[in-house]
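Novice: Single-letter residue listing:
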Amino acid sequence: MVLGALLLAAVAVSELEIVLTPAPARLNVQLAVQGDLPEAWTQALGGGAPVTLTYRLKLFRNRRFLWDQRLASHELQVKAQRDALTGTFSLVAELDGEILASGQAETLDQAVHWVTHPPTAEIMVPLRHEPLWLVARCEFMTRYKLLVFPSTVGTAWVTRSVPEAL
Amino acid sequence: MTPWHRTWLRWRRQNRFLIGLYLGLLLLVGLGYTLFATMRSLPPEELTNRLLTFLLWWFDLTLIAVVLFVLARNLFKLALERHLGLLGARFRTKLLLSYLVLIVVPTGLLFVLGVGLLSHAAASWFSAPVDGMAQSGAKIADSLRAETEARVRRDVSIVARELGKVEGERARTRELTRLQALLGTQLAGWYRDGTAVLELVDPRQRELLRLPPLDAEALAHGGVQRERFGGTVVVRAWEPIGDGSVAMIGEAVLPGLMQEQGRLAAAAAAYERLKLERPTITATTVLGFGALALVVVFAAMWLGLHLSRRFTEPLLALVATTQRVAGGDDLIEVPIPAEDEVGLLVSSFNAMVRRLRERDEELSTTVRRLDAVLGAVRTGVLTLDAERENVAANPAAAALLGMPHLATERVPLEALTLAGLGKLAEVIRGASGVSRGSLTIYPGGLARAIEIAVVPLGRLESPEGWVVALEDLTQLVRAQRLAAWSEVARRIADQIKNPLTPIRLAAERIARHVERRTPDLETVVPQGCRAIVEHVQAMQEMVDAFARYAKLPPMSRRPVAVSDLVRQVVSLYEGVRKGVEVRFADATGGVEVVLDPEQFRQVLTNLLDNAVEASPPGGTVTAATRCDDGLLELEVTDQGSGLGVEDPELLFQPFYSTKGRGSGVGLAVVQRIVSDHGGTVRLEHNRPNGVRAVVRIPGGEA
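Here the protein sequences come in this chain order: A and B. Residues 1274 to 1439, numbered by our numbering, are exactly what the first sequence covers, in order. Residues 145 to 846, numbered by our numbering, are exactly what the second sequence covers, in order.
Only true hints are included.
Just some of the chain B residues that point at chain A, by a computed CB distance under 8 Å:
id : residue
1  : S263
2  : R370
3  : G406
Computed, partial: chain A to chain B, Cβ under 7 Å:
id : residue
4  : A1357
5  : Y1417
6  : L1420
With beta-carbon atoms standing in for the labels, derived distance ranges:
id : chain 1 : residue 1 : chain 2 : residue 2 : range
7  : B       : A360      : A       : R1433     : 41 to 49 Å
8  : B       : A360      : A       : E1379     : 17 to 25 Å
9  : B       : R372      : A       : R1299     : 33 to 41 Å
10 : A       : R1299     : B       : A360      : 30 to 38 Å
11 : A       : L1400     : B       : A360      : 40 to 48 Å
12 : A       : V1426     : B       : R407      : 26 to 34 Å
13 : A       : E1379     : B       : L175      : 44 to 52 Å
14 : B       : E485      : A       : L1419     : 43 to 51 Å
15 : B       : R372      : A       : E1437     : 45 to 53 Å
16 : B       : R372      : A       : L1400     : 44 to 52 Å
17 : A       : R1433     : B       : W202      : 29 to 37 Å
18 : B       : V214      : A       : L1419     : 22 to 30 Å
Since the hints were derived computationally from the structure, they do not count as laboratory data. For glycine and all other residues, C-beta sits at the position ideal for the given N, C-alpha and C.
Using the sequences and the hints given, assemble the complete structure.
Specialist: Structure (structure tokens):
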């Protein structure tokens, strides 16, 4: 028990906050990661390495078979890199490979805040006659257990019911 | 078996297929090695490509699945074969386990060691000194930029303050020119309403004129801007003057230093990225190494299994065939063509089978011939096993014994006893070596005189079987008996005729003298009567001898000390004839021999009589005895005139005499007694002169 509690305390768990704003045939998704990013990630960003946070968005409907449940899948990548000469951070957000927004940050904290609070992503929502769910998570980086077993470091999957557009 | 299966089996046995497979595996390993080498030379960005990791993962998983499938399949197969008790299952299990130990253990150790080394190497790439260098380089760049920023900020404050003190465009131009020269700034500017009124550039830095204009919105407030320009970083700071104008100062950080700093920063960034990707790099390397190890394990295991099958198949076929041959099946060859030592073994076995087949055929031919011979001969032959429990016979023996089924089947020896042939069975059962004898049997109630010989097959100590030869002597004995009677009648007639003539002559002479009344009647009558009496007496003696020969008393055997017996008889002949010496030489050692002492005494007496009578004055008669291998030998020698006949056997015939006197039954009696004892007697010349009579009686020592 004590060991478990210590382990839970030692591991900072990040959470993903999702705010969904419906629009006709569209859905505005505002994402925000609450909590600290992995130290290796921030250290790499501060050291000038190009780093990325990947937000995966999956739209589901209630169907009997698994392969018939997923409606759409999107990927929001937020890239950041520090220019060691100018000391600024260049930031780019891409939704499914298309640039959604870009910016600059003067400090590491600003850059981290920018990537953990990416611009609102607008995704297409098909016409429907049934409830939809949006399942999302943020992936920080890939680790490996026992050297070779890949394990994604990120937030847990968060499920939100997609509200109807007014 | 389908044609395709047969073709596959033929390919599997061909060396070309094996060599091709081996080369294919070598090519695969070579490709793996090339991939590994290429991975080492690839830049980190490509090395850490997720696609490569993905491919390696699936390659490893596929190999593991294949290895496990092959292993599980073979283990299951072997377990099933062992459960069913199939030939060679245990041997193949041992072979497979040995291969596994020989392959998996070293490869596993190498893999673990290699992974450890790789992990250690990967960790050592990101050592603390390198981290420190990278951080120091970044700090230097930050410090240099900060120092430039501070200087530019200070200068722009001075310029804004001084420009605020002067009015008019011309005056401000002069003042700005003066301050640029005074402060030594590379770029100085005066902006109004977001537009540049004046920009002064150090002649040595004219390229700064190509800088993009500052953002008008940003000019509303003071600020600093850092931007890359021409291989260096330009810092521009601006500050409002007060009347809507803005003063700007700019400076390019030392270009040479910035270029070096740029390289350092790029290297540091690459280092940080590599550090971030370190787990992926390690995983990719380990997966690649694991793929190689798995390829080696799979190749070695598959090759080992194939070789074990290739080695064991001919051996197992050979074992199966030898078992069939040993089990009594036909002599068949192993139909496996091979060229190695196993092939040599198979060829040797096949040659042995062919030779055995030839021998078998020869043996069959010989047996058929023997059967034909045995079926044709008139001598009866019985064959028995080593324990003499079962007996078979040829047709002659079956007919002789009155048991026709003996010719077609093997029956217990006891069946002879049940058929009234107990005496024959007893003789067969009691024979301890090569033994011969005569026997009268009564098959079907009829008397048959047979001569029997029992011979062991193989070594005497442990015979493999027994052969009994039966010669039916009934007709021969009958003929011999008739001949003997004829001979006896002839001799008796001769013996009787000899004295009858003088008797008749004597009687006729007496009658003639009585008729004539001759004066010498008184002399002739007594003479004639004496002659008649003498010849009648001779006839009486002859009849007595005949009676003695014909009516020998029944034999009564018992253990007798032969030396004492012979010595006793010899002592009776000392001085019997003047000038003839009778000696006794004993070499029996005083052993006792089973025989009839009275009859043996008769034998010795008859032989000594002849010897003493035949010896000349001064001659020596020697009686010698010895026992050798259970055989008693008695020799009586004299130094007389010799045998007197060419065929000594004639001397053993009754009433045959070369002396012209006596009954002529002495040697006949000797031969009969010796024959009754199962022995032999012969007469031969004694060197330099004389006769030697040799008597041999079996029965051994008591």
